[in-house]
Each structure stands twice: as C-alpha cells, then as structure tokens.
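From these two lone chains plus the hints, build me the complex, please.
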Amino acid sequence: MNTRRIASALALAAVLGTPAFAQDRGGILNFARYDGSQLVDPIYADRNPDIWMVASLFDTLLRLGADGKSVEPGLAESHEMSADGRTVTLKLRSGLTFADGSPLTGADVIFSLDRARNGDLSSWAGLIGSIDKVTADGDMITIALKTPDPTILTMLATFNTAIVSKAAFDAAPGATDQEKSAAIFAKGGPGVGSGPFYLCGFEQGATMDFCANKGYWRQGADGKPLPYLDGVHFQVIPDDATRILKLQAGEVDVAEFVPFARVAELQADEKLNMELFPSTRIIYSPINVRATRADGSPNPLADVRVRQALNYATDKAALIGLVLHGAGKPMSSPLMAAATQDSIDMSPLYGYDIEKAKALIAEAGLPAGTKITFTTLAGSADDATIFAALQQMWAPLGIDLVVEQVDGPTRGAKNRSGEFDIHTYGWVNDVNDASQVVGWLGHTPTANAVGTGWEDATFNSLYEAAQTEMDPAKRADEFAQMQKIYAEAAPLLFMYETPFAVAVSKQVSGYVQTPLGANVFEEATVSR
Amino acid sequence: MKSLAYILKRLLLMVPTFAIVMVIIFLLVRMLPGDPAIAIAGDKASDADLAAIRERLGLTEPLLVQFWLFLTNTLQGDLGRSIMLKAPTLGVILDRLPTTAFLTLYAVTLSLLIAGPLAFVAALNRGRWPDAAIRAVFQVGLSMPVFYIGLILLTFLAARARLFPVGGIGHGFVENLHQLFLPAMTIALYTSAIVMRNLRAAIIEVLDADYVQFARAKGLSSRLILGRHVLRNALISTVTLLGLSIGNLMSGTLVTETVFAVPGVGRLMLEAIFARDYPLIQGLTLTFAILVSAVFLLTDLVQSWLDPRMRLT
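Taken in sequence, the protein lines are chains A and B. For the first sequence, position 147 matches number 147 in the working numbering, and the numbering has no gaps at all. For the second sequence, position 101 matches number 101 in the working numbering, and the numbering has no gaps at all.
For the record, the hints were derived by calculation from the structure and aren't laboratory data. Given the structure is predicted, the values throughout are model-derived calculations rather than measurements. Hints may contain errors.
[Said to hold, decoys possible] Heads up, simulated EDC-like pairs for lysine to aspartate or glutamate below, C-alpha to C-alpha not over 16 angstroms straight-line:
id: 1; chain 1: B; residue 1: 86; chain 2: A; residue 2: 203
id: 2; chain 1: A; residue 1: 371; chain 2: A; residue 2: 400
id: 3; chain 1: B; residue 1: 86; chain 2: A; residue 2: 179
id: 4; chain 1: B; residue 1: 86; chain 2: A; residue 2: 50
id: 5; chain 1: A; residue 1: 414; chain 2: B; residue 2: 35
id: 6; chain 1: B; residue 1: 86; chain 2: A; residue 2: 400
id: 7; chain 1: A; residue 1: 414; chain 2: B; residue 2: 78
id: 8; chain 1: A; residue 1: 224; chain 2: A; residue 2: 24
id: 9; chain 1: A; residue 1: 371; chain 2: A; residue 2: 419
id: 10; chain 1: A; residue 1: 166; chain 2: A; residue 2: 100
id: 11; chain 1: A; residue 1: 506; chain 2: A; residue 2: 251
id: 12; chain 1: A; residue 1: 414; chain 2: B; residue 2: 47
[Unchecked claim] Among chain A residues calculated to face chain B with C-beta under 7 angstroms, some are:
id: 13; residue: 239
id: 14; residue: 241
id: 15; residue: 248
id: 16; residue: 249
We put the beta carbon where it would ideally sit given N, CA and C, even for glycine.
Bound conformation, chain B alone (with noise of 0.2 angstroms):
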C-alpha cells in the first residue's frame, strides 16, 4: 500500500516537470536559426511557396496561440504531422521506437555482462595485476568517441572478419540479436567502462564493511557473502548510476544508430534537426522525456527494493 501511494506522489510530481518539459521544447525548437519553410521546400523554392508552407505550418500565428494548439493537441495524443515525413509524427516515433528501445536493452544487457564479472575480478584483486589490466582496458573504452569505436568495430568484426553484417536491421528477435550486435557492443564498452569502475568501487567499498567482516567471522561461505550482501548492496550505487545515464545512452543512440544504419529515434531526431521538422523534434523530445522520467521512476522503485531503506522516504 505504502509502495502504491509513493509510486503515486511520484506520477504526480512528473506533472509540472512535464508542463516545463513543454515549454522548454517549444522554445527551443523555435529559437533554432533558419527557417523551417526553407528546410522544407529547399533553396531553390519561391518567396511565395516559403510564404505559403509558413501559413500551412501555422506559423505565421503568434506564438502563444501557437504554444496553446502545441499544449491542446499533445495532450489529445495529435502530434501533428511531420514536415519531412509528411506523415503523423506519433506514428512514425512509435514505429521507430521499438528498434531504438531493443538496441538500448540490448546494450545494457551488454554492459552488465561485461562489467560485471569484470568488476568482481577487479574487486577481488584489488591493486594486483588483473585489477591494473582490467581498469587499463576499460580506460581506453571510455577516452575513444562512441563513433569511433563503432567504425572500428565494424572495419574489423564485420568488413574484414565478416563475424557480423555491416549495418541494417534485421527482422525477428533472433536475427537481430546478430545484426545489432556491433551497434549495441559500441555503446556497451562505452557505458560498461563507466558500469565497471563503479561496481568495483561499490564492491571494494561493500568488502570493507563492518557487516561482510562479521559475515566472515561468523564463518559464512564466501560465495554466500558475495551473492547476499556484496553483490547486493553494491548493486544499488549501480541502478542508480544506470538509471541516471539513460540520457547518455539515448544520446548514444543519436550517433550509433547513425553509423550503423539502424532505423531507430536516434537517427531520426538527427533527421529531424537537419530538416527543421518542428513537430517531429517536439515529438522525439517528449518521448524522450517520458521515457527518462520513466527509467528513472523505475530505478527508483528498483531502489527501494534492494535497499528498505529508501522505501519511507
């Protein structure tokens, strides 16, 4: 009852974020230079085309009337239609969606079962050999651009080993297990880098606690030590610290998706900047926000389920 309640108080407290959410994207968008009726139409369009696309877009109405059709029809669901894709944008976020969301998973899963391991390992060893290695190796994943280790990736994995596709998307769960594999391993070195130093930390932090000393000399079995209380409670720094990078990770997907070829948000919010396409950016904005302030009442809950402690606050 009381999860139920605190999950409420939570949902409600996204409202006014969202209403600052709205504002901000309506402004940004419009204070980007250039004219979207350009974009639209191209350089080589008339004065009098330029002036008809800014009426049909609406805007050439003032800009709160603009921000109230903006608010009203996003709250029915209307997102309008896409500039470019002259198509309605909901539909083509929700059909780009499931492509980017499998890729972030996927890489996630990644990440966890590279670092993870790795940072026991680590941990474990602290300041010997295996330690320095593995945090050599990770270092290097984190200073190279996330684009960079994607064309590395595929020079080698794919073009030359031919281990992997160069790019696309495939159709099925299975088939794309394969095919996305590069793109989502070039955003897991990167997130797994960071993943891994704080599980080690967290880890080394747990191994130092009065309680895993008492667990000892109380006799219990290291695999029992590790399993309840390290791995545990050094989990909890690392929800957190997942949660609060799927910003990062959605950014990734801007720059992944792109090198890559896969059709998911990412690429297409790229897409969208480019072509001053106003109601496909609010849209990719706002599904971004819910899914961030999604991810991160789900990192709350997850939270508080590891740690009680969390839970009455």
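The following block holds chain A by itself, in its conformation from the complex (with noise of 0.2 angstroms):
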C-alpha cells in the first residue's frame, strides 16, 4: 500500500470517525427496566415506573431548564406572569401538532388542565389546586388562578400537566375518563401525545416500544427534529443480578437501578459506563417524637437530646460506605436533597461526634439499656445492613436497639397510625418545588411531619407562607429557616442521599435520568 493510499484511507476515516461530521441518528436503544409501566397517562402516574415516562410521550407547556432549577419555553413559546401573581398567560408556538399530525390547539390545553385539576380523577390534582380557570383565545392562554402561587410555572413544567389530545380522548371508548385512557394506552399510537416519542407496543409486564415522533418540534444539534433515535424498547427484568448480565451479554443498552454493591464492578468494565445521576433521593429515618408511644409507654424519643444524640452518634459516612460501597454523600439539608430548588447547605448536618452523643444523652437522663424499635422492610439488604450498623454505632449510648421487620405497605400504616420508634424511609422529589418534601417531612397539618407526629407551630406558618410568597428571595429565607428548626428539632434521623445508578453501554450517549427520576431519551444516541 504506498502513501497516497494511507494518507486517504486515513482522512476517510476521520471523516467517518469524527462525530462532529454528522449527527448519530436512528437505531433502537435496548432499555432494561427494574419495573413496567402500567398507565403512562400524565394525571394518571401514580407510580414512578408510569410518571417517569410521562414526558417522554407527552409535552408540557413549559419545561424545566438544564440546570434542574429554572423554567424554560416549551408547547409555550413565551409565558408571563400578571403584576398580583393572579394571571399566567402564555402562547402556544405556532404549527404544534400530536405525533399522528394533528394540530394540538387551545382546546387540548384546556381539556388537559381541566382534567389534571379534577380531583375526582387525579391525585396530583392538588399540586395546581391554585388555578381557577384555564381559556384560550387562538394560540393564547390564560390561567387565572384563585391566588398567587409561586410554585405554578414549575408545575406547568411538570408531568401531571403535560397536554394531551382531546380528540383522542372523545374519540375513545369507555363510560369514565379512565377508561378512555387505558383503552388509548392499550391500543397505543401516535393520536393521544405531542412528546419526543409515542406508545407503539406494550405487552404489561414483558415489553414496551416506543417509535420516534417524526414531527417533534425541538431540534437536535444537526437542525432536524428530535429525537436522534428511531425508538426505545424497554424490557422489564426485575432481578438485579438478571438486569446486569443481560447489559453485560450485549442483548440490553442500557440497565438501570444498579445496586450500588455492584458499581465498582461495572465501573471497571470497559464496555460500560457506569452512570451516578444526581438525584432527590434522600434516605432517612423518621422518629416518633409523641410523649407516648402507641401502647402508652414514655416515648424517650420524645426529648429532643436524645433524638440529637442518636444523629451525632451515628457515622453517616460509615453507613454509605457499607450500604452504597461509597456511591452516595451524607444529606446536607434536613429537609430534602441537595439538588432540590431552595436547599441550604448545612454540611456537616450532624458530623460524627460520639463524646457530643453521650454528654446529650446524660443530660436527658435516659436510662442504659433503654430498648429502641427500628422498624425495617423484610428482605430488604440495606435495611438490614443499615439495623446492624446503627445498632452497633448506638450501643456505647446505651440503648438496645431491636429490629422489627414488615413490608412496605405495613410499615406505610405504622408511619400513619404512630406505632413505631424509628423505621428506614426514603423519598424522590415527583416536583422540581421544595414546598412538596417540607410539606411531607414537616408541615403537621399535610402529613403529620412523615409520621412522626412534630410540630412546630413558626415551621407550620413559615410553610404555609411560602406557598403563596411570590418574591423568590423572601421565599427562599423562609425554607432557609425552615430547615435550620428542623435541623434542630431532629424529627428524622438524617442520614444519606443516593444517586441513580444506570449502566450504559458506551455505544449509547446522551441518556440520562433527571433529579426526578425521569428517564429521558430525547437527545440520546446509539452507534452499533
């Protein structure tokens, strides 16, 4: 071969190998879930196998920016809020149609909100409880709320809102708005959405597709329509350990919810990469702080030292290093994860002080060998891991910690009902607000501060302030004093944050799973 031929070959292969050239485009992304969905229907996810999907298949008038925090145009090319907070109008861009070609107009915004705000027929009615009426004037919409709501440009960038086809759902069959829906999921097709893909199989439990919105509106760097994929196919392998090798055989692209025990394995392979993505997910421990417990004992955890000393006394990096093998940081906010809008670093929230444990333990007085229940989910490895540990970490203080194992749906009455100590929660945010994890953690009146029955009347009032302060300043100062009362007050164990671990196949880009826990496959790509 002389020179000439070599020197050719090579720049044919930077033309072919250099990415910046030409745009991947189509191909199949091979997805292996750790759960189905059931509905994906925006108002009616309830599960986040379903509300993780949602966007995928249906768009939202606003979208929420790069960064997580703010929002940006999206059905809605620009959107304004009214000088007293009481107006959101907004325009529709121009041409817009559903994945079938049909124009989505102003009626289908109305439909959807309407529909997303009945509380007969979705739960997440209550996240836009503040709108007042929705009306349409050509590409113009206006949503007139009954009072100022700080928090409702975010959810007009979130799931439950997104638009969906009033066409379709008239044209439907079945007697209730649900019916409609799941004959319309069951059937699939391009009519119902206008997101980046459509519903083109589903066979419950086993598989799901879908197909490429050939009409999308956004565009990808090459100037055409998104998404650069011809379709997704999800394959639902609940076993981890079944969930990597399929990944690691090359039959899947992508596997997700890796157990962290396994990350180091899989970072080292070098067909794979081993994706850590921030998210909401915090993992504590709420503590009932009742003067009684449920059998009408003294509750010791009633003293706010002794619920001090337990999150002094317990190595937060400690307990990551043997349940997340290092994949996850202590919380730094009491109140919710660090990527959530509004959170204040307080790190170190209770760093390791034994010394500190033991004098706050002295001064309530309480008594060595004082038994304590921590209630855990049977079968679950972690919890598990996590009792051995805060046993061990806690007995110098003094107290004989006993476990108590239920499953998910009882530990979820105990929470309610009172009867328990300390048991193992953890929680995703399903908005991009702070207001929906301090309400659940904090504010008595929406969930008796995550069952454990605190309360604090300054919290209660700040919260409900922030739900209707519209300077983001003012409204920021108060979550900020929120979280340093809560902080203080120590209803929770406070203890960690956890990434969202998912294997990718280096043949893929530009997956990714937002703080939320959405799956977006928007701008990905696979080259075989």
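What follows is the structure, encoded as structure tokens:
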C-alpha cells in the first residue's frame, strides 16, 4: 500500500469517525427496566415506572432548564406572570401537532389542564389547586389563579400538566375518563401525545416500545427534529443480577437501578459507562416524637436531646460505605436533597461526634439499656445493614436497638398510626420545588411531619406563607428558616442521598435520568 | 361408562373443595397486614385519598358483604379489576397463563427426558459406580435453591457462552423452546432429581417382583420385559409424584419467572402480593387451585389407565 492510499484511507477514517461531521441518528435503544409501566397518562401516573415515562410521550407547556431548577419554554414559546401574581398568560408555538400530525390547539390545553386539576380523577390535582380557570384565544392561553402561586410555572413544567389530545379522548371507547385513558394506552399509537416519542407496543409486565415522533418540535444539533433515535425498546427485568447480566451479554444497552454493591465492578468494565446521576432521593428515618408510644408507655424519643444524640452517634460516612459502597453523600439539608430548589448547605449535618452524643444522653437522663425498636423492610439487604450498623453505633449510648421487620404497606400503615419508634424511609421529589418534600417531612397538617407527630407552630406558619410568597428571595429565606428549625428539632435520623445508578453501554450517549427520576431519551444516540 | 361416572364423581367432589378454597382465599388476603390503600396510592397519599380508595374498593363494607360479592361475582366469571394493573383480573390472568403453562410443561418434559434414561441406567447398575455417580449429581441439584441454579445457568450458558438469551420471552413455539430453555431447565433440574430417585426405586422394586422374575424365566427378551412390565409399572408411582408436585412446580415458577424475567402468572403473583392487589391475588389463587385440582384429576385418570386395579375405587 503506497503512502497516498494510506493518507486517503486515514482521511476517510477521520471523516467517518468524527462525530462533529454528522449527528448519529437512527437505531433502537434497548433498555432493561426494574419494573414495568402500567398506565402512562399524565394524570393517572402514580407509580415511578409510570411517572418517569410521561415526559417521553407527552409534552408540557413549559420545560425544566438543564440546571433542573429554572423553567424554560416548552409547547408555549413564551409565558408571562401578571404583576398581582394571579394570571399566567402563555403563547403556544405555531404549527404544533400531536405525533399523528393532528393540530395541538388551545382546546387541548384547556381539556388537559381541566382534567389534571380534577380531584375526582387525579391524585395530583392538589399540585395545581390554585388554578381557577383556563381559557384560550387562538394561540394565547390564560390561566386565572384563585390565589398567587409561586410554584405554578414549575407545575406547568411537571408531568401531571402535560398536554393530551382532546380528540383522542373524545373518540376513545369507555364510559369514564379512566376507562378511555386505559383504552388509549392499550391501543397505543401516535394520536394522543406530542412528546418526542409515542407508544408503539406494550405487553404488560414484559415489554414496551416507543417510536420516534417524526414531527417533534425540538431541533437536534443537526437542525433536524429530535429525537435522534428511531425508538426505545424496554424489557422488564425485575431481578438485579439478571438485568446486569443482560447488559453484559450485550442484549440491552442500558440497565437501570444497579445495586450499589455492583457499582465498582461495573465501573471497571471497559464496555460500560457506570452513570451515577444526581437525584433528589434521600434516605432517612422518621423518629416518633410523641410523648407516649402507641402502647401508652413513655417515649424516650420525645426528648429532643435523645434525638440529637442519635444523630451525632450515627457515622454517616460509615453507613454510606456499608450500604452504598461509597456511592452517596450525607444529607446536607435536613429537609431535602441538595439538588432541590431552595436547599441550604448545612453540612456537616450532625457530623459524627460520639462524645457530644454521650453528653446529650447523660443530660437527658436516659437510663442505660433503653430499648428502641427499629422497623425495617423485610427482605431489604440495605435495611438489614443499616440496622446492624446503628445497633453497634448506638450501643455506647446505652441504647438496646431491636429490629422489627415488616413489608412496605405495613410500614406505611405504622407510619400513619404512629406505632413505631424509628423506621427506615426514602423519598424522591415528584415536582421541582421544595414545597412537596417540606410539606411531607415537616408540615404537621400535611402528613403529621412524615408520621413523627412533630409539630412546630413557627415552622407551620413559615410553610404556609411560602405557599403564596411570590418574591423568590423571601421564599428562599422562609425555606432556609424551616431547614434550620427542622435540623435543631431532629424529628428524623438524617442519613444520606443516593444517586440513580444506571449502567450504560459505551455505544450509547446522551441518555439522562433527571434528579426527579424521569428517563430522558430525547437526545440519546446509539452507534452500532 | 364406568370411567365417565368416575370422572363425574370426582368433579362433584370438587365443589366442596372449591367452597373451602374460596373462603380461605378471601380470609387469607384480608389477614395480610398492611393497608391495600397505601399499597395502591403510595406513602405520599393524603388520608382523604386513602379513605376514597377504601370506599371505591368496597373495603369499608362488612366482611360478610365483601365475601358475598366476591362469591357471586366469581361464580359469574367476574374476578374484579386488578388494582395495580387497572384492568380486569380475568383478562390479565388469561394473558399470562399460557406462558406459565408452557414453562411448566416444558420443565416437566425436560425433567422426564433427563430423569427417565438416567433412572434406568442407575437401577440396572444398582450399587455400581454409574448408580453412585448419577445419584451424587442429582443430590447436588436437589440441595441447591432454585434461584441459585438459575443464576448459575444464566451466568455461564447465557452471559458467558451466549448459547441462550438472558431472560425474557420470545414469540411463537419454536422461539420459546430456545428462549425459555434456561428457566425450564432450572425447574427441571430440581424436579428431575426427585423424579429420578423415585423412578429408580420403583424400577428396582419392579425388577425384583415375582412377575418379572417369572417373565425372565419364561425367556422373554429384556427389551420386552423392560418396556411392557417394568416401565409401565414403575411409571405409576412417578405419575403420582409428578401430579402431586404440580404445587411445587407452580411455586417454582414464582422464583424462576422473576429471575428469568418471564412474564407469567408466577411473577404476577409475587407482584400482586407486594402491591396488596386483593382481586388479583384472589383470582390467581383461584386459578392455581383450579389448575392443581385439574392436574390431580388428570393424574388419577392416567393412573387408572396405567393400573387397572384402581379403576373401580
């Protein structure tokens, strides 16, 4: 082979091999899921495997920015909030269509938002309870509010307010909205949503297929419509080990929810990218703060000093090492993950200090050998590890920690009835605002401060003020005050944040799982 | 005519069986700790949401009323709507049942193919090394948990050697013979160990029986003796054993279908229990009960065909 031929071969290889010249397009991404979807509809999605897929099939009026905190234009190219905070006006992009090419109009927006705020239909209706009326005039949408609502723009970028086709629902068989929704989902097809994909195959519990919406309004880097992929093929593989084997055998391109014990091994696999996507997931343990336990006996955990002592005596770094094999970090805000809007960094939040813990216990006069029950999920290896670690960490305080194992629904029932001392729990935000998680963890009227029975009048009034505070700086300050009060009162054992661990073949790029958990395939590519 | 009467009698006997099964299913599901409303709506749901769900599911009705509704609806073929799948229970079960039926039959076939010849080899070489070797290998199969066998097969035959796909299900009979080979094999390895031991013992017993000694003395060929006398008589107890292990096979699918990502009724049962999906658990348990009863009936019929002495009892 002469030099010229080598040179031209190299030049050709450079052209073919450089992605800057051509955007990878086409192909099907094979994705192994831990659990299957059951009904992907903006207002009925109530389980994560459903919620996290809504945005792929249905578009929202506004979108979350890349930073995960700001909102930017979606189906609406512009939006404006009135000075009194009681009216939002939005202008729809021109020429919007659903995936089947039928026009997306103001009537669809009214239909979708009316559906989403109907409490008889959707359990998410409360998130947009401030909406009084939605009207449309051509491309102009007007949303009138009953009260000023600082979260309304964020909610218009949230899955439950995504736009569905009124015509598709009118035409669907079924007596009720839910029956119609189920019929539309069962049938699949491009008529109901305007997202980057439409549902083109579904076998309950086994597989699901997304096909590209060729008329999607967002443009890719090459100036042509997104998505880059032709579609996504999902397989439901509930067993962790099998899901990873399937990826290693090359039968799928992505395996989600990799157990943390396997992260290091997969990081070393040169064919894979072991992604640890930042999440809003926090792992914590509610502490029952009521003066007496459910059986009427006095509750040692009612004393704030005991709760603080437990927090000081808990070595978070050790827990993260044991349970997450290092793939996590201690909670830095007592009320939310660091990725949540308005979280403040209070780290180290109860940094490990056994002497301080012992002093607090002595001050509280807790008798040695005090028995405390730690309720865990039966069958959860993580919970078993947490219990074993805490039992040892708290033994120097004279605490005799005993375990009680229950299943998920039982733990939920105990949380509500207050029949527990301390139990494991976790949380992922569904919306991109602090109010949901703060209401859940601390606002007594919402959920009894995550079942702990903790009540603080200042905290509650700050929370209620933040619901209508339109000045972002003032609102941030209210959330900051709440975080400080909550940290001091320690109604929780503050533990750690975990990322979403997803193993992705190196042939894939651009796949993202957002901090809220949503699976985003819009800009994903696969090169085979 | 007599066998028809026998079948009718057996079918009539099933009525009280099912009456008891229905009561047990109904009560067991409601004795599970944990609130189905929380299982449905999740931990984040408000108390009002939970109350509405309980109302909608009829859980606020007295237990007797709930049972009456369950009974009358079931007799009309209405198993209610699955809570977690938001679809009619019967349809969901019928969708998933063929997969599990295929897997179970495949596993039974494989275990007979494995156990049959080896049992003969072991029995005919009683006490010598082939017998010891075969029994030792099956002892290992019997001692290992089903999910562990499954993971070993997956790791070596699927992920490493790439001979089979790692989990999932294919389309059509032929594709699924390949696709479901590993899960069927996982169940078969366990079942064949039991069948092999039983069949070996039965063959040995028959070989020692007077009529076989007599047949030998008459000068019949070994092939004829083994085929006509030994196999047929040894099979009687094996058929009983397989029939009785249908329950085991079914529970084997719970684990196997999860490990191998096979969307059958076994995995569905696990999911339904975790979700406290009362209608689905009830429907599935009833389905299992019907299947087990049907298999028992079939076992009896096959037995009476193999062994004429049992026809009149």
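Structure-based check of each hint:
Straight-line distance between C-alpha atoms of residue 86(B) and residue 203(A) comes to about 14 angstroms, which keeps the hinted pair within the 16 angstroms bound. Using a Cα cut-off of 16 angstroms, the hinted pair residue 371(A) and residue 400(A) holds, with the two alpha carbons roughly 5 angstroms apart. Distance hint between residue 86(B) and residue 179(A) is fulfilled; the C-alpha atoms sit about 9 angstroms from each other, no more than 16 angstroms. Proposed proximity of residue 86(B) and residue 50(A) is supported: the alpha carbons are some 13 angstroms apart, at most 16 angstroms.
Simply put, residue 414(A) and residue 35(B) have alpha-carbon atoms about 10 angstroms apart, close enough for the 16 angstroms limit, and the pair holds. Straight-line distance between C-alpha atoms of residue 86(B) and residue 400(A) comes to about 45 angstroms, which puts the hinted pair past the 16 angstroms bound. For the hint pairing residue 414(A) with residue 78(B), the CA-to-CA distance comes to about 33 angstroms; that exceeds 16 angstroms, so the pair is violated. Distance check on the hinted pair: residue 224(A) and residue 24(A) sit about 12 angstroms apart at the alpha-carbon level, within 16 angstroms; holds.
The hinted pair formed by residue 371(A) and residue 419(A) meets the criterion: a straight-line CA distance of about 15 angstroms does not exceed 16 angstroms. This hinted pair checks out: residue 166(A) and residue 100(A) have alpha carbons roughly 13 angstroms apart, not beyond 16 angstroms. Distance hint between residue 506(A) and residue 251(A) is fulfilled; the C-alpha atoms sit about 14 angstroms from each other, no more than 16 angstroms. Taking the CA atoms of residue 414(A) and residue 47(B), the gap is near 14 angstroms; set against the 16 angstroms cutoff, the hint holds.
Because the smallest distance between the Cβ of residue 239(A) and any Cβ of chain B comes to about 5 angstroms, under 7 angstroms, the interface hint for this residue holds. Annotation: interface hint on residue 241(A) holds; nearest CB of chain B at approximately 6 angstroms, less than 7 angstroms. The interface hint given for residue 248(A) is met, as the beta carbon of that residue sits about 5 angstroms from the closest beta carbon of chain B, less than 7 angstroms. Satisfaction of the interface hint for residue 249(A) is found here, the shortest Cβ-Cβ separation to chain B being roughly 5 angstroms, below the 7 angstroms cut-off.
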